[in-house]
Every structure is written in C-alpha cells, then in structure tokens.
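Engineer: The lines below spell out each chain.
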Amino acid sequence: MNNEMTSQLSSYITREILKDPSRSIAPNEPLLSSGLVDSFSLVDVALFVEDTFGVRIEDTELNVSTFDTLEQLAAIILSRM
Amino acid sequence: MSTLAEILLSHFQQHPEQIAIHLQNAGRDDIPISYGDLIERAGAYADLYASRGLHPGDVIVLILEHGEPLIYSFYGAILHGAIPSIMPFLTEKLSPERYREDLASLISVTQPAAVLTYPEFEGEIRSAIGMNGSVREILLTSEAGEPTRINFDDLPGMTSSSESITLLQHSSGTTGLQKGVALSHTAVLNQLNAYRNAIQLTFDDVVVSWLPLYHDMGLIAGFIMPILEGIPLVLMSPFDWVRAPQRLLQAVSKYKGTLSWLPNFAYNFCAQKIRDRHLEGVDLSSWRAIINCSEPVRYESHVQFHEKFRGYGLKFDALQTSYAMAENVFGVTQSDLQKGPSVDEIDREGFLHEHVARHATNDKPSMRMMSSGSAISNTKIRVMDEQGREVPERKIGEIALLSNSMLTEYHHRPDATSKAFRDGWYLTGDYGYIANGELYVTGRKKDMIIIGGKNVYPQDIESLVGQVADVHAGRVVAFGIFDEAAGTEEVVVVAETDAQDPDEIKRISDTVRIHVTKNSAVALRWVHLVGPKWLLKTSSGKIARSANKEKYLKQTGRQLS
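First to last, the protein sequences are chains L and P. If you read the first sequence in our numbering, its first letter stands for residue 2, the second for the next number, and so on. If you read the second sequence in our numbering, its first letter stands for residue 789, the second for the next number, and so on.
Treat the hints with care, since some could be wrong.
Capping the alpha-carbon separation at 27 Å, the derived lysine-lysine pairs in DSSO-like fashion look like this [said to hold, decoys possible]:
#1 P:Lys1342 / L:Lys20
#2 L:Lys20 / P:Lys1337
#3 P:Lys1233 / P:Lys1337
Footprint (simulated), chain P over chain L, 3 or more residues, beta carbon under 8 Å [said to hold, decoys possible]:
#4 51 to 63
#5 70 to 76
For each label pair, taking beta carbons as the anchor points, the in silico distance ranges come out as [what the hints assert, rightly or not]:
#6 L:Leu48 / P:His843: 32 to 42 Å
#7 L:Glu17 / P:Ser1073: 48 to 58 Å
#8 L:Asp52 / P:Asn939: 51 to 61 Å
#9 L:Ser35 / P:Ala892: 19 to 29 Å
#10 P:Gly1231 / L:Arg16: 24 to 34 Å
#11 L:Ala76 / P:Leu1140: 51 to 61 Å
#12 L:Arg16 / P:Lys1233: 31 to 41 Å
#13 P:Gly1231 / L:Ser34: 28 to 38 Å
#14 P:Met789 / L:Arg16: 35 to 45 Å
Simulated from the structure, these hints should not be mistaken for laboratory data. Just so you know, these numbers come straight off a predicted model, no measurement behind them. A virtual CB, placed ideally from N, CA and C, is assigned to each residue, including glycine.
Full structure from sequences and hints, please.
Structural biologist: As structure tokens, then:
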C-alpha cells in the first residue's frame, strides 16, 4: 500500500511538476529542502492527494517538518484514510 | 503634514481605536491592530533604537518574517527618524551559506548601522556580517520593551526634514550588485497623493494583501499607503497565500475588501488552484479593483480569473492594471477604474521586426496587448529611441519618466544613480509604446527574467550552473520563456557537458536543479543538457542568449512567445 502510494506520488510529481516523466523519486529523497519541489507546487501536491486518496492535507502542514519526503507524506495519508 | 511620522501622529491623536491592520496567520485567529496599538508598539522599538545609540538617518535593516515585530519595528524606525529597510527572510529552500553571502553583500552596499532580527536568528546574522563593518548594533525583537505612553515631542522622527530619506527599498540587481532605492518623505507623500487620486481611494476602502513587504508593490500599496491614508489593511503572509491561495478571496469576503494588487501569475494561480469547495459562502462583490502589476500584464489572465470567480460576485470591471517601480516609489501608470485597461490588437510582424505597434489587419497574424493605463498625475512618461529622442505614438522604445516622487539616489551607489538618468529623465530599462495616452509595456532592455513578480538575472543562474562538476563553466545559457498556463515566465537552462550516458545526464541535470535552487531560490523548470559546441557564440566569443533561445525552441518544438 505504502509502496504503491509513493510510486503514485512520484509519478505525479515527475510528470506534472518536474516535467520529466522518465525520472523517479526515491521514497526517502528530500523534495522541499532540496528545492526539487518549490512552494508554488505545494498546493498541487495537496490537491492531488485530496483528489486521489480522499485525504485532506491542511495548508499549514505543507512544510519541511510535516513532509519533506514521499515516505513522510504517505505516512500522513495512511494515518488519515 | 510633510513627513511620515507627522501623519502617524495625527492618526494616533484622531482615532487611536480605529483598526489599522487585521493581521492574518494561517491556523490562528486574526489579530486586529488599532492605530493606538500600532504606534505605541512602534514607539517601544523607537525607544530601543534610541537606547542603543542609533541616530536619525541611520539605516536599520529588518530581517524578519511576516508578523507583528516586522510591522512595529518598521514604524518604530520611522518614528525615530531612522531609515528602515526590509530584507527577505531565509527560506527553507535557500542554502544558509548562500543566504549569508547575499546578506554580507547587501550589508556592504547598504552600510546599515544596525540589523534587527529574532533571538533565534542572531547567530546566523553575526556569522554573516562580522562586527568590523558599518553595523554597530545587532538588535533583537526580544529587546523591545512593553509599549508605554508615547511622548511625541521626544521622538526624533517628528523633526525630520521632508527631504530626508524615510526608507530604503531593495531594487533587484545581479548578485552582489543589489541597489537600495532611497526615498524621501516628499517622494513617498507625492506618490501617495497622485496614486490615491488615480484609484479614487475613499474611507470605505479596505486593502487586502498577501504581498511581501520587501517588494515595492507590497511595501507601498499593501502596507504604507493604507496605513498612512487611514484605510483598513488585511495583511496575510505570502507563505500562507502560496500554500492556500483561496485565503485571499476568503479575506476579501470576510472583510469586504475593495482593493488588491497582484502580479500577473497570481491570476492564473488562483484560477487554477482554487476549488469551489474552498469558496463556500465567499462573496467577492465588494472587490472594486484588483490591480495587475509588477510583471507583464496579460488579458488572458484576467479572463481566466473572471471566468473562475464570476459566480462569487467578481465583476470583470474590477480587473485593472498598473505599471510601477520602486524608483518612482510605486505607481507610474494606472488604468482608468471606470473603464478598465484597453486591449490593443497589433500586427505581429510589425512588432517583431519594425518595433512598431500597428493596428492588426484581418489577413495577418496579430498579438493582443493590454495597457497598463495612463501616467498618474505627478508623473510624466515618454518613450525614447536609443539617442534619447522621443518617438511618435505606437513606436516602441525605452520608457522614461519624470516625476516628483523619484528616488533621491541609489544608496551609496553614485555610479548607478548617474547612469539611471538622462537629461533628468529616469530610464526604466523597459520597452513599450503609447497609444491614446495609455502605456503598453512590451519587454525589457536587459535579459532579466521575471518569475511570479520576482526579478531573476540570467547571468546569476549561468554562473551557478557553471559551478556544477561535469558542466562546462562558461558554456551555459539561461533565459526565460513565457508559460501561457502559469501566466509568467519560467527559466530554461541549456548547458554543455561531455557526459553521454543517459543516467549520468539525468544525475547531472538533477544536480544542476538542486544547486541553482539552493543558491538562488529559483526553481528551474527545464534543464537541457547538450553536447560540446551546441551553444552559439557571438563574434566576440560571448554566449548569445537570444540566439540560443531560438535554437532551443526550434529543437524542442516549443512555441516562441
């Protein structure tokens, strides 16, 4: 479940945000602190999570301490499903 | 009243209970700040500045995030007659090393007497600036005392001359060459006087802003103007807005907001990211002017924004434009709020090859331009050719301006100040044309890229990319291409490498992205690695940005815009 989720998130981010679908993102790869995902794209990630998994991520949670990696994000999603 | 401090005093005396600012923070209750609170708390900062030996005319750099300390310390400096200057705070994606370098370079140009920051950030600031430069004091927000009865007679700011410098705004420049725009009380008040008339400001207005205060649009339109004019301001953090753009519309609805200023990309961003479920009960009918400013203005962005929010009471007539710059304090032009900005359909060939904006004819390709309005009453604009001669209507040239709200100087940069003027006219570096008295901005002289209202210099990006191992230093080009969907530019980097293995190329391109973001806070959308000798050079051996941009667009099949 967790793996499937991180790979769904990874393919969304590489396709829509990085515009490089051939790339993949490791579950423990930093996204925000590395600058790979910038603040203008955070709201897209939150909307994707909401539309795909039916889980709400509050905008106050969209920061490095809540999620910097897909692993962390998947854990939040699972805890709310 | 001829100084900012005198105006603050009159608000304090006339209506101390009136709310000056509704301060918003995501996840917390809004904080109402009355003129009484604002000025007494600012007074506590003025006392701190005085107790640490700072004099009127000293520059105080404020390194603070959105919040109460930033507001009070700014006006505290005004009351003390010192010169506040707001510097962006460290963001999580920018590397601390790079931030320290930027800060050190800014300090060496600005030569502030003091820096104010949070206790948690003191170490960072100390290590960045050392103590042997101009900075005599590092002040902490924790050191400001409780507000007490304020004695205006003792405040040095009350005796400031109207021609003295009241604040410094940081204009953009390439790394190491940022310029502090020094503005006098007179310049600021002349600007407010003219701009207030241009937007027909009344006491029924409510300004709603998420704009950062280190940028002229946020600092003047979204901070100083409403407070000095006695108009309520609803102020939210840019960080909160970018994570939940609906907050802007919710705030307009909650406080019956009437006026906002936005960079062009924000129209697209709001239209694309906000969902109907975010807007339950939202009513935008009070919003009388949403003014598009600080990057090229696009009619398509207005249409997209209106389509999305018309069901919530948004009027198309509310969508307006302005052309503004820190060097004129803020506004240069403003669209007529009664009729909105004109839209001009021009001939594409004439625009691209003859530098003229002719009316489009049916049989030829055309392009749509939206005006930024007419010059505000204190400002004259002129479009000039390379020799400094005024060109006729519809001819494209450099925009120059003359006003009584111009900067006094670029702080400690006499070289930049004298280069900026020609026969008393300020040269903006932007290209445009005038038709029927309205200004159309068409481009700019320098290769600067504007992303979401932020100015980015390609040479800074190129030098960062050149630092990455496996990229040939000096064989890199960066340029902006307009992204229709986002309503702003995005940065493309093309760099030469010897690497051939696709995995290796992917790794280098990731390294480039990360290195650039950490050191410039600019996200690269497109990194295009190419083999040796791909890049075109000019006869003098310099990398030609526009020629390489054309080559890139042709090769990748992307549209030229």
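Engineer: Range first: 32 to 42 Å. Now tell me if the beta carbons of Leu48 of chain L and His843 of chain P are that far apart.
Structural biologist: violated (52 Å)
Engineer: Can you tell me whether the CB distance of Gly1231 of chain P to Ser34 of chain L sits inside 28 to 38 Å?
Structural biologist: holds (36 Å)
Engineer: In this structure, is the beta-carbon distance linking Asp52 of chain L and Asn939 of chain P contained in 51 to 61 Å?
Structural biologist: holds (59 Å)
Engineer: The hint says 19 to 29 Å between Ser35 of chain L and Ala892 of chain P; measuring C-beta to C-beta, is that right?
Structural biologist: holds (24 Å)
Engineer: Range hint 24 to 34 Å: satisfied by the CB atoms of Gly1231 of chain P and Arg16 of chain L?
Structural biologist: Holds, since Gly1231 of chain P and Arg16 of chain L (Cβ atoms, about 32 Å apart) stay within the stated range.
Engineer: Evaluate the given range 35 to 45 Å for the C-beta pair formed by Met789 of chain P and Arg16 of chain L.
Structural biologist: violated (57 Å)
Engineer: Check whether three or more residues of the region 70 to 76 of chain L sit with their beta carbon closer than 8 Å to a beta carbon of chain P.
Structural biologist: Violated, because only 0 residues of the region 70 to 76 of chain L bring their Cβ atoms closer than 8 Å to Cβ atoms of chain P.
Engineer: Tell me if the straight-line CA distance from Lys20 of chain L to Lys1337 of chain P falls inside 27 Å.
Structural biologist: Cα-Cα ~19 Å, so holds.
Engineer: Using the C-beta atoms of Ala76 of chain L and Leu1140 of chain P, is the stated range 51 to 61 Å upheld?
Structural biologist: holds (53 Å)
Engineer: Between Arg16 of chain L and Lys1233 of chain P, does the C-beta distance stay in 31 to 41 Å?
Structural biologist: holds (37 Å)
Engineer: Taking 48 to 58 Å as the stated bounds, is the beta-carbon spacing between Glu17 of chain L and Ser1073 of chain P within them?
Structural biologist: Cβ of Glu17 of chain L to Cβ of Ser1073 of chain P: about 34 Å, so the range 48 to 58 Å is violated.
Engineer: For the pair supplied as a hint, Lys1233 of chain P and Lys1337 of chain P, confirm whether the alpha-carbon distance does not exceed 27 Å.
Structural biologist: Holds - the C-alpha atoms of Lys1337 of chain P and Lys1233 of chain P are around 16 Å apart, at most 27 Å.
Of the numbered hints given earlier, the model fails hints 5, 6, 7, 14; all others are met.
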